[in-house]
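**Student:** Here is how the chains run, residue by residue.
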Amino acid sequence: MMRSPQTKLSKSTWRFGIIFAVQLAIVLAGPLPKAIVRVTGSTIALRTAPAGPYDSLLGRYVTLRYAAERAVRSGLPGWNDIANKPNTQSRPIYLTLEPDPKSPPSLPMQTWRPVAIALDPPRDLVQGQKLIKAYYRQPGRRGVDLGMSQYFVPEERGELLDKDMTANRSAIAAEVKVDRWGNSVLVKLWVEDRSY
Amino acid sequence: MSGDNTFRRQLDRSLNDWVNEGLIEVEQRDRLRSYYRLDELPAAATSKFAAVLLTIGGLLIGLGIVTFVAANWAAIPRSVRALGVLMLTLGFNTAGFFWWTTDGEHLRLRPRVKTLGSAMLLVGQLGWGASIALMAQWVQIDRSPAGLFAIWGGTVLLMAFGLRHTVSAALGTVLIAIAHCAWALDFNSADWIELSMPFAAFWASALLVGLAYWCRSRWVFALSLIACGLIVWLGDLWMDWNIYVSSYEARGGYSSYEATLDNAWTWLLVSWCALLWGGSVLHQHYLKPSRRTDEVDSSRDGNLDFAPTAQLLGVLPILVVLTISGFRFVAHEQRGWNMYSDIGLFSGILLSPITGTFILMSLAIATYGWAVLWQRRQQFQPSELVMHGAVAIALAGCLMLKSGVLAGWSLVVFANVLLFVVAATLAWQGLQLASRWRFWVGLLSLTLQILIRFFEYDTGLLLKSLVLVVCGIGVVAAGLKFERSVYARRLPGSKS
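Heads up: the sequence lines are chains S and A, in that order.
Going by the working numbering, the first residue of the first sequence is number 20, and it counts up by one from there.
Going by the working numbering, the first residue of the second sequence is number 743, and it counts up by one from there.
Be careful, since some hints might not be right.
[To be verified] According to the in silico footprint, chain A covers these stretches of chain S (three or more CB under 8 Å from chain A):
#, stretch
1, 31-38
2, 52-63
3, 169-175
Bear in mind the hints are in silico, worked out from the structure with no lab data behind them.
None of these values were measured; they are calculated from a predicted model.
Don't be surprised by glycine CBs; every beta carbon is placed ideally from N, CA and C.
Can you build the whole structure from these sequences, using the hints too?
**Tutor:** Structure (structure tokens):
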């Protein structure tokens, strides 16, 4: 007689435990892979420019447009294959990156630029080249998207960052980590030698 | 439910007096007490009030957590903030669950602990949203509002389904609706959202209405119907409008495309309302066979009577559309009414495959519901049959409004006649069934119709004042009469 409520309780506890674990898994499914890239990836820098600050209920962020996103559309090797293949959904594309010889000297780190683009991950990467995955959407949507267009900043530093970025538009870079498969994560923002 | 409780509370007060005056014996009193379960009465009343208070409290705490996130407090590192809120979420969920499922021995204390647990579970569900947002900030994930709300809503619905937690069900329903609106207003969403959201009218109505049945909650049912209505309307008509507006910025006059969209909108409205009314018949027929029996134990399945909720939400859009179509400016509007006869009555269904399929499916279910109603007409009261007939006529009439057959003044008169028929039938049915919402919705929309019509046209001030007074007296008199008849029906011993 004493056992029956006990087992009943533990049964529902199990159910709650499973539900909670699945909830946790769903919630972690987004950030966890990013965190792994952040730990295991190698660091590069990409030139970028602000497209506008936003303040939403859930925090302040800066919208970024990357130089690499624009460069792709002005005719890199492999671009025609992608642009001529119509599709409505976004699809992953792969950018091969090399250190940019015209990297702004005021930045503390070397920036990288895209040299080739492909629908499938290229296998013939030369020593010193890196791979980054982007998404391509039909014109009218976003075009090429590196998936790192929002940089969240704390409220107070956001003001400083905005001023600094408008004053030094030509020397802004995003510090990014990339892994072997081209997965990327945005780590911090550099304006000249100041990091945010 | 509430009327039933009022009676039980009166009984609770009277029983001891009856014993003292020698009307009944002590054993009879005790038998009555146990039959009407009067011992559970005070606890239930307290728990209802406590439930409201604790839910409000839970919402406030949850909003506090979200605002804490919004403050984006720089003093704490992002990682600590994200993990801290995650831990808080874990704590609130676990504590809430154990209190909610507590087996407290003391009968009077248990409901309160349960309600407190339920409120904490709600805070836990709100905490998931804060966790998702904070972790996205921590590892710098691009987030679209639609994605945030969809993931959040999904996790909350999981808890609602898994534990049959009504409050979570309500929250999850609202979140899914917000996710859909965010998607419709902002195109830049992740792939899985772009793939799933166009079909939201189908999966959301199955998921959310199923959830309401699972939780046996009329509130969740009403919320899910409102959410689904919003989703159906935004579905892809909103998308079509956007595409249309952006591609034909410099258009003049009323084009056939615009008329087709308008036609599709009308079809959606008609099929949606028909679905709710036809579905309510199916619900009464298949899911609630004991609807006519007078059971004391109505508290268990009383919440499952979803038909009135569906009918209320199915008749309100009709009343609103007819009221708007009855304004005199509709007659003067220089819109291309001939467009409607050019494009044909069914062009809206053919506009897009998803909308068209939804319209046809809804109409099929509605037709089935009305067929069942006709077959089983002996089981329904005459007033119900008349109301269903009036709704069917009104829905057909709404389609006629956009058919191009009627234009100008004939259209305005037609809309007004239809509105009068629906509102008057509703009020009459309310009187017959002693159903409060039917009576008042019908009476108020009738009054509103009369007032609007008199103020819209250039009638003299004296006439206006006369109409106001007559309307006021009419509403008061009819309302008093109705409330008296309801009271008479609810007296113990009479059938409700």
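**Student:** Of the numbered hints stated earlier in the document, which are not met by this structure?
**Tutor:** Per hint list: zero violations.
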